[in-house]
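**Q** Given next are the chains, with one letter for each unit.
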Amino acid sequence: MTELDTSAQVGKVDVAALVEPDRVHGSVYTSQEVYDQEMDRIFRNGWVFVAHDSEVPEPGDYVTRRIAGEPWIVVRGKDGEVRVLANRCTHRGNRLCNADAGNSSSFRCPYHGWTFSNDGHLTGVPMRDGYGSSFHAVRDAMGLAPASAVDSYGGFVFASLNPPAITLREHLGRSTVALDRLLALSPTGELNLRAGWMKHDMRCNWKMVMENNVDGYHALFTHASVYDAVKPAKVSHVPSKVEVYVRDLGNGHSEIDYAKEYSRLDEEFIWFGRIRREKLPNYVAAMEEARGVEDTHRAFVVGPPHTLIFPNLFLAEMNIMTVEPLGPGRAVAYTTPALVPGADEVNEKTLRRTEGAMGPAGFLIADDGEIGARNQLGLAAGSPEWVVLRRGEETDITDETGIVNHDKSAETPQRGWWKHWSQVLTGTTTAPDA
Amino acid sequence: MSDLTSLGAAAAAPAGAVPAAGVDPALASFIYTEARLADEARYSEWEALWDDDAKYWVPMHPDHDPKVNVSYIYDNRRRIRSRVAQLNSGNRHSQTPPSVLRRLITNLEVVAQDADTTTVAGNFVVYEYRFDLTVWAGRYEYRIRARGGDLKLAAKTVHLVNAGGPVSTMSFLI
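These protein sequences, in sequence, are chains B and F. For the record, in the first sequence the residue sitting at position 233 is 233 according to our numbering, with numbers rising by one throughout. For the record, in the second sequence the residue sitting at position 155 is 155 according to our numbering, with numbers rising by one throughout.
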């Protein structure tokens with residue numbers, strides 16, 4: 001036991017009693033039983049982000065992932081289809097594929113040599129004469145277990161390990177606007193997520209990692225050292241001075257939206273170190289050729305999304321983050337830059353910006369990780385029992401885009417996250433919100 | 001701290017060779033000073049060791065190319081200054097208070113040499129105490145340049161044994 005092992009057992013948990021519209025019970029972050037329910041209801045029975053098309057561009061390309069602690073292979077077959085297959089030999093359970101990524105037409109178990117094609121079929125059983133006819137009768141059914149559903153949007157591949165209650169498009173709801181906004185920065189509408197994933201060991205609950213990404217309140221405090229010592233914020237943090245919004249998009253998705261403020265200023269690349277377009281001539285030309293002058297200007301003004309897609313994908317402007325829960329008090333945050341195919345002059349800058357902000361040594365996320373660890377330590381105190389999410393609740397406005405607040409420090413995104421989380425865990429999700 | 005003439009014998013050796021007497025004491029001393037300043041959170045003194053064309057690199061894989069791969073750290077001189085300014089601000093929460101650190105550096109070898117720059121590599125272990133004890137290990141590679149009567153750090157590359165991750169918060173000077 002170390003100081004950081006703070007998971008509390010709370011017996012038989014009634015999850016419905018842990019979430020109210022403006023507060024949540026602290027045990028949602030610390031209880032092993034709540035965690036087990038989350039893995040079951042959110043990660044094994046709902047849509048989760050697993051990989052990006054660009055990570056497996058060619059037939060045979062694969063990456064390995066864990067979902068709810070279980071090993072999976074995301075692999076493109078020779079038919080071009082991306083499958084999500086359980087990374088477990090159907091014989092004695094050995095983990096079949098042990099690399100992070102690679103290319104293979106088949107996977108051969110190192111234990112007894114059983115071989116599976118990359119579409120999951122069992123193709124080889126050494127010394128098969130040792131098996132009787134009863135085995136041969138069931139052999140065809142001994143392929144790798146596939147995820148029940150795999151679908152993608154804009155190259156982002158999602159899976160539902162068990163049969164999903166809704167389609168991916170229904171799950172994504174209004175968050176497709178954010179995905180489109182990111183893709184609008186690429187002349188081809190495609191992204192390259194092959195720069196590598198930084199894997200940051202976070203000593204906090206996975207939901208803290210995600211919720212914090214759309215917390216507009218913490219930046220002035222958690223990240224004071226950046227604004228004071230390195231560079232000022234890109235636009236003011238004072239709500240009355242800016243047109244920056246937070247938004248609950250429904251289905252647990254939420255965002256901080258700078259589009260209106262950037263549009264009001266009508267200035268390109270505020271979100272990219274205020275770089276002048278003259279410094280990116282090839283990229284600008286490719287964008288204008290593909291999208292026209294006006295749409296290009298608009299894309300450069302409004303920039304990328306800052307949007308959380310429930311439960312494990314964060315469109316972190318020009319970064320993509322996903323989170324892997326590892327228990328109530330531990331998670332790994334994976335981050336990679338969103339690169340634009342062919343736009344080297346942009347990509348090299350994006351890489352350096354990613355390193356500056358994100359990951360274990362990043363100027364921002366290192367401190368978020370520290371605050372998360374301390375949050376986990378603080379929650380070990382049983383009193384007060386509740387975490388308060390009331391900021392901005394009286395100024396939330398509902399419109400066609402969701403529940404919106406014109407103060408980016410409002411806890412509107414968190415209220416939206418928890419409402420949906422509670423519905424998923426208690427099985428009371430009704431029609432998708434959008 | 002250094003005497004340019006003391007580099008002469010090493011410079012005359014064939015490329016890649018390790019002088020029989022080991023790494024020049026002035027270079028070793030420079031490396032140990034850099035380590036101690038990092039261990040003791042003497043950020044500004046540590047920053048002053050760097051040359052103008054500095055590169056402080058912690059890759060995710062030894063074969064990675066910073067033009068196409070993301071690194072944990074890939075600081076030029078300007079970003080080193082920012083990193084130190086942030087640490088000096090008192091509000092770099094992940095280093096407030098600073099981690100308690102001590103590192104061991106061993107197996108030093110000269111791996112390359114040109115007129116004014118010597119590349120020295122060695123293994124390291126860093127013990128970091130924060131919430132509990134974290135052990136970091138790997139290989140350091142330093143490019144150390146003789147400039148005026150002084151030594152300057154032109155590049156430091158840190159190949160972590162666990163570069164493949166997951167990696168704990170690493171906001172101290174590794």
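Hints are supplied without guarantee of correctness; some may be wrong.
[Said to hold, decoys possible] Covered stretches of chain F, going by a simulated chain B footprint (3 or more residues, C-beta under 8 Å):
| no. | region |
| --- | --- |
| 1 | 89-99 |
| 2 | 103-112 |
| 3 | 146-157 |
| 4 | 160-168 |
[Stated by the list, open to error] Simulated restraints, written as ranges between beta carbons of each label pair:
| no. | chain 1 | residue 1 | chain 2 | residue 2 | range |
| --- | --- | --- | --- | --- | --- |
| 5 | B | GLY113 | F | ALA112 | 25 to 33 Å |
| 6 | F | VAL161 | B | ARG66 | 16 to 24 Å |
| 7 | F | ASN162 | B | TRP386 | 50 to 58 Å |
Simulated from the structure, these hints should not be mistaken for lab results. In this text, all values refer to a predicted model and were calculated from it rather than measured experimentally. Even for Gly, the Cβ is constructed at its ideal location relative to N, Cα and C.
**Q** Taking the hints in turn, state whether each one holds.
**A** Do the hints match the structure? See the list:
With a threshold of 8 Å between beta carbons, the proposed coverage of the region 89-99 of chain F by chain B holds, since 6 of its residues qualify and at least three are required. Beta-carbon proximity to chain B at under 8 Å applies to 0 residues in the region 103-112 of chain F; the threshold of 3 is not reached and the given coverage is violated. With 0 residues bearing a CB less than 8 Å from a CB of chain B, the region 146-157 of chain F misses the requirement of three and the coverage assertion fails. Residues of the region 160-168 of chain F lying with their CB closer than 8 Å to a CB of chain B number 5, which satisfies the three-residue condition for coverage.
Remark: the range hint 25 to 33 Å for B/GLY113 to F/ALA112 is contradicted by a beta-carbon distance near 45 Å. The hint said 16 to 24 Å for the Cβ distance between F/VAL161 and B/ARG66, and at roughly 22 Å that hint holds. Range check, F/ASN162 to B/TRP386: Cβ separation about 38 Å, and the 50 to 58 Å hint is violated.
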